[in-house]
Every structure is written in structure tokens, then in C-alpha cells.
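Full structure from sequences and hints, please.
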Amino acid sequence: MTGANGSGKTTLLRCIAGSLTPTSGEIVVGRHAAGSREARALTGVSLAQERSFYLRLTGRANLRFFARLRIASRRAAYGHVDALEEELGLSDIAAERCDRCSTGMMQQLAFARALLGDPRLLLLDEPTRSLDDAATERLWGAIDRRPKLAVLIATHREDDIQRCDSQLELTLRS
Amino acid sequence: MTTSVVTALIARDYRITRSYRLAFALDLVYGIAEVAVYFFISKTFAGVSSAKLSGAPSYFAFATVGIIVTLVIASASSGIAQRLREEQLAGTLEALAIQPVRTSELALGWAGFACLFAFFRAATYVFFATVLFGLDVQGASIPGLILVLLATATAMLGIGIIVAAVTVLFKRGGTFASFAVFGMSILSGSVFPVSVLPGWLEPLGQILPTRFALDGTRHALFDGGGWAPDALALAAFGLVAIPLAVWLLDRALLAARRSGTIGQY
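Sequence lines, in order, name chains D and U. According to the working numbering, the first sequence is numbered sequentially starting from 1. According to the working numbering, the second sequence is numbered sequentially starting from 1.
One or more hints might be untrue.
[Said to hold, decoys possible] Each pair of labels, with its calculated beta carbon distance range:
#: 1; chain 1: D; residue 1: Ala83; chain 2: U; residue 2: Thr261; range: 30 to 40 Å
#: 2; chain 1: U; residue 1: Thr124; chain 2: D; residue 2: Leu149; range: 48 to 58 Å
#: 3; chain 1: D; residue 1: Ala95; chain 2: U; residue 2: Arg102; range: 31 to 41 Å
#: 4; chain 1: D; residue 1: Tyr78; chain 2: U; residue 2: Trp200; range: 51 to 61 Å
#: 5; chain 1: U; residue 1: Glu202; chain 2: D; residue 2: Ile27; range: 48 to 58 Å
#: 6; chain 1: D; residue 1: Arg75; chain 2: U; residue 2: Trp200; range: 54 to 64 Å
#: 7; chain 1: D; residue 1: Arg74; chain 2: U; residue 2: Ala255; range: 31 to 41 Å
#: 8; chain 1: D; residue 1: Tyr78; chain 2: U; residue 2: Arg102; range: 14 to 24 Å
#: 9; chain 1: U; residue 1: Thr175; chain 2: D; residue 2: Glu87; range: 43 to 53 Å
[Claimed, not checked] Covered stretches of chain U, as calculated for chain D (at least 3 residues, CB under 8 Å):
#: 10; stretch: 13-27
#: 11; stretch: 87-94
Bear in mind the hints are in silico, worked out from the structure with no lab data behind them. Fair warning: this is a prediction, and the values are worked out from it, not measured in the lab. Ideal Cβ placement from N, Cα and C applies to all residues, glycine included.
And the structure:
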């Protein structure tokens, strides 16, 4: 999903994620109305990540907390976080308290959080904006390893667009 | 409702609170200092009969109960809104709102640590009031005390969730909660008996849930019995108020989703 600033990319992602209700129309995620608990369980989201973590806690404590909101068993939730840390190469970042993490580090944590609970739909808002090349490759590698995962990305970067199956261009309404 | 969500929220709040070590310690020191202040004030009122102090053996004993019950009342009634406000300011409320959790789980989870911490602080204050200032709790019913304080938290939780709904919609519900807690505590006899209130105010003091909390706690702590009717009245109030309050919070979150203000503060 591409478009100029203010064209509504983040708004649309929020409507699908369920934190915003559309003024008209209907959004359905896996036969469930967007925003319903069932739809939220199917959806992993990474929006504006800078202000969405508990800064006094480490990245790992944050991920474990959010994992427990999606996975009932504590052991399974922690195991899931450990596996994601290893897959995404996040061990060092996860050990840091979030108030000591850079924007790029937080962005990687936000991507890991979006994958918690194995969602069927992933919503990513400019997921590679602050990432270095290696972190960008790890992100796309994780997506490639999940062929059944539907991904909707809002981005301005040409290399992200090249990786997508189709492009939706949003235009500003005059 | 799953307990994993509630326990995850409680564990998170414990970790965050623990990370502010000085504030954690000062919370306890402040409470003990407050108990000490009432100990010295009580020396001014030595000789007041127990009958005038709702069964408490001294004004110090009367006021100590006022302190611990107010602590539990304040935590249950404003803890949720305070936590929600912190989520708004930190920007984590939207991250929580898109998780597959129920409103009731969020409400109980937000209140959980505040209530548990209040119980811990209440126990600490009673311990220091006994050891340092000679509070007589020989005849106390500990199970009774725990049940009355649990029932108090349950009763006040309904009010706390309504304050949280106000916070979702109008962002600052804390002032409303503080005013309500202060008013209810004073009118119910936390620092002076209800009987000294002006005649027209006394009936109001008698029907507030906080009055049952204070009377029940005094019965449990100083008589060892007679606390059950107060605990039952509190529990009944909570069982009626909580579902209604959760419904209101759910509506408030829905309204915030519609207006696009869930991520705002």
C-alpha cells in the first residue's frame, strides 16, 4: 500500500487492526468483523512502534507480556518468544531495557510482537523505515518463511514494493 | 475470561513498579509515617470511649483502620484509571486495544496489582502499628480481615471501572476518582466517627459502601467477629456494580474507536 503522506495508509491499517472504526463500509477479517476479538486474534500489527512499549521493561519482558495476551500457557508463550528472538536475531536487543533502545531496535521488537501467536494477517506500517540492511533482510526472511501469512504493508520504499505481490496506491481526496 | 491475561497484566505492573525502587520504598515509609502521625494525634484524644469510636479501643486504632481501608478503597477505585491514563500517555493503550483480550480482563488486570500492593501495604502498616505503637489486635480475626478487605476491593472495583470509562472518554478521570474517594472516606468515618457529622449528612455516611468497609474492618480487627454482614453487603454491591461498570467501559472503548481517540491523550 503506497500513497502520499496523509492519504490514509495508517488510517486504513488501524481500521483493519480494530483500533479505529470506519465511518462507513465494512471490514471483515477471516469472516469476523474487524475489531472483534476473533479478528484481533487473527491479526498481527506493527504500527507506530516508538510509543507502544513499556519503556521501563526489557524488550524480552515486553514480548513475553504481549505473548501472554495471545497464548494462554505461560511456558508456550515464553517458548514462542525465545523462538522468535532466535529467528530474528533479537537476543541482544531483547536483553536491553526499551528506554535504551534506538528507533531501529524498537522497530525490530515491534515486528517480533506482530508475529506473536502466529497471526494469519500481518499489518505493517513502514516496517523497514529505520532498519539497516541486515535487519531488513531478516524481516523479509521471516515473512518468506511464512507462505500462508497474508501481509499488508504501508511503505514508501521501492525495495519493499518490489517484494510485494500487488500494489494498492492510495490517493488524496481533494 | 482467561486468567493468563489478568496475571500477565499484574506481573507487568509489578515489574514496572519494582523498577522504581525509591518510590516503592517511599510508599511504605510514607504510610508508616502517617500511622505515626495518628498515633501522636490520638494522645490528644485519650479517654474517648470505645462506643463512640465504632468499637475501636482507641482513636489510634480507629484511625489506623481508616488509613488501611482508605488505601484499599483508593487503589481499587482509582488504580484502574491511573493505569489506563499511564497507558494513554505512554502510547501503549492502542497496542493493548488491538490484542485479542476482553474488556473485563483488562479491567481486572489493571486493578490487580494496585489492589495486591494495597493489601501488602495495609498489612505492613498494621504490623508497624502493632510493633512500634502498641496497637492491640489480640482479638483480631485474620481471615475476617482478609475477607472484608477483599470484599471492599470488590465493591470499589465497580466504581474504579466507571472512572476508567470516564478516563477513556475525557482523558482525565483521576481527579473525579480522588474527589470521590476523599468524600466517601471522610463521610463514612475514616478519621472521625459518622456520629459527629451534621444530622443531615449522617444518613448519607451510613449508606455508603465505604462505611461497611470501615465497620467490617474494625469488627474483624478488634472484635474478631461481626464482620460477615458488612463483607456480604460489600460483595453484593460489587457483584451488581462490576458487570455494569465493565459494560460502560466496553462502550467507552467502542466510542474511542469510533472517534479515533484511543491513541490520544
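Taking the hints in turn, this is what the structure says about them:
1. Separated by about 36 Å at the C-beta atoms, Ala83 (chain D) and Thr261 (chain U) satisfy the suggested range of 30 to 40 Å.
2. In this structure the hint that Thr124 (chain U) and Leu149 (chain D) lie 48 to 58 Å apart at CB holds, the actual value being about 50 Å.
3. Between Ala95 (chain D) and Arg102 (chain U) the beta carbons are some 32 Å apart, a value that agrees with the proposed interval 31 to 41 Å.
4. Range check, Tyr78 (chain D) to Trp200 (chain U): about 59 Å between beta-carbon atoms, so the 51 to 61 Å window is met.
5. For Glu202 (chain U) and Ile27 (chain D), the Cβ-Cβ distance of about 56 Å falls inside the hinted range of 48 to 58 Å, so the restraint holds.
6. For the pair Arg75 (chain D) and Trp200 (chain U), the beta carbons lie near 60 Å from each other, so the given range of 54 to 64 Å is met.
7. For Arg74 (chain D) and Ala255 (chain U), the Cβ-Cβ distance of about 34 Å falls inside the hinted range of 31 to 41 Å, so the restraint holds.
8. Tyr78 (chain D) and Arg102 (chain U) have their C-beta atoms about 22 Å apart, which keeps the hinted 14 to 24 Å range intact.
9. At roughly 47 Å, the beta-carbon separation of Thr175 (chain U) and Glu87 (chain D) lies within the given 43 to 53 Å, and the hint holds.
10. Check result for the stretch 13-27 of chain U against chain D: holds, 4 residues qualifying (beta carbon to beta carbon below 8 Å, three or more required).
11. For the stretch 87-94 of chain U, the assignment as covered by chain D holds, since 4 residues bring a beta-carbon within under 8 Å of that chain's beta-carbons and 3 suffice.
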